[in-house]
Each structure stands twice: as structure tokens, then as C-alpha cells.
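Enquirer: Residue numbers (numbering that gives the first Met the number 0), protein chains in the order written: chain L, 0 to 104; chain A, 0 to 104.
Among the hints, a few may not be true.
Which copy is meant is left open, because identical chains are indistinguishable; a pair holds if it fits in one copy or across any two.
What the hints assert, rightly or not - List time: in silico DSS-like cross-link candidates among lysine-lysine, alpha-carbon distance up to 30 Å:
hint, residue 1, residue 2
1, K71, K97
2, K82, K8
3, K8, K81
Since the hints were made in silico from the structure, they are not lab data.
Just so you know, these numbers come straight off a predicted model, no measurement behind them.
Number of protein chains: 2
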Amino acid sequence: MSVIANTPKPPYYAVIFTSTRTEGENGYSETANRMVELAEQQPGFLGVESAREELGITVSYWAELESIKLWKANIEHLEAQKKGRSQWYQSFKVRISKVERDYGI
Amino acid sequence: MSVIANTPKPPYYAVIFTSTRTEGENGYSETANRMVELAEQQPGFLGVESAREELGITVSYWAELESIKLWKANIEHLEAQKKGRSQWYQSFKVRISKVERDYGI
Numbered sequence: 000m001s002v003i004a005n006t007p008k009p010p011y012y013a014v015i016f017t018s019t020r021t022e023g024e025n026g027y028s029e030t031a032n033r034m035v036e037l038a039e040q041q042p043g044f045l046g047v048e049s050a051r052e053e054l055g056i057t058v059s060y061w062a063e064l065e066s067i068k069l070w071k072a073n074i075e076h077l078e079a080q081k082k083g084r085s086q087w088y089q090s091f092k093v094r095i096s097k098v099e100r101d102y103g104i
Numbered sequence: 000m001s002v003i004a005n006t007p008k009p010p011y012y013a014v015i016f017t018s019t020r021t022e023g024e025n026g027y028s029e030t031a032n033r034m035v036e037l038a039e040q041q042p043g044f045l046g047v048e049s050a051r052e053e054l055g056i057t058v059s060y061w062a063e064l065e066s067i068k069l070w071k072a073n074i075e076h077l078e079a080q081k082k083g084r085s086q087w088y089q090s091f092k093v094r095i096s097k098v099e100r101d102y103g104i
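All chains, please: the whole structure from these sequences, using the hints.
Expert: Encoded structure:
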């Protein structure tokens, strides 16, 4: 279950991953779950939030740009990224951003 | 329909709005649609992406921090924010971030 991530006081980083899927499952969910499990073990991981309707939005939060770089280069994640490009996603956009301020209830 | 926002070359700003809803509709959808319509008319608005499952995630993109400030202070939006706090959202978090890099297919 996805809940609002309990991130620390800014600054920290957010990777906004927006996507539209292709037809069919093709092992997507299993890998998606595995990637969350794996991301949680990475140094500098702060949390992740996810929702999908026509559009899927996953925002992961990181302590440092370096943490994001290491996660992007993770072997198992590289394999998933390859399948993402070739099979699972019709289109996607990754945006790397620095959270400067936050508030909420 | 929500599609991947056609944002310009970074830098630009992203407001990541994550929320969980209360029970019941209470006029939420009508106001949510109106807020998108209104945001699109604001100076500096670049696009918006949205999806909801248990968690709702709406990311709006803006040219400048000043554009975000003006949108937050919009009279009709202030009214909606008040109802959001008192009626529609069980919890929410707003994160204001600067997009430094993006890529995709």
C-alpha cells in the first residue's frame, strides 16, 4: 500500500517518474514490486509514493543526487529499465528535482 | 484525461501534491476539475499530471517560484484549499521542487 512518504526536512531530492503502460501485464507488477523492495535498501532512499490511472506517477525521494545515480546504475534496476523501454512503457518521463520546501497536514 | 506533461527544457519547478481523501464526494471532483482549468490560465503554468489510487498524486509544473506563489494566493484556489483542509483530505503533503534534469521516451 502506498502512503504519503515520511520525508525529512528539505532539502532532499525527488525523482518524478511519469508513464503510460503498453497493453498486457508481461511480468510488470512483479518487477515493479521488486524495484520498490530493492530501492528501499539503497543508501539515501527516503521514501516512495505511487498511483496509477491512465497515467502512472511514482515519486521516489532521496537524500543526495549521488544516491539517485547509484540507484540508476544498480544491475537489477538496469535490467528492469531495459524491459521498461522495450516492453512495459508506451511513454515515460523521468524528472530529477530538488525539494526546497514542503508542508502539509 | 491526464497525459505526460510536455514541459520545456529544465530548469523549471514541480509542485508535488500527495494526498489521501476522506470518505464521500462532497463536491470534490467538480472543484478539482475547476482548479486544473484555473491553473492552466495562470502565468507560468507548464502542465499538470495526476493519478489516484489509495494515494492521490498531482504534479503541476511551473516556470518560476513566483508563478507558484501567485497560484497559491489565487482567491478561488484559496477557497478550495480551505475546503481541502476541512473536508476533502485526510492528509496531504505539498513539496515544492526545482527540476534540474529530465529524460524519457
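Enquirer: Could you tell me which of the hints above the structure violates, numbers in ascending order?
Expert: Those not satisfied: there are none.
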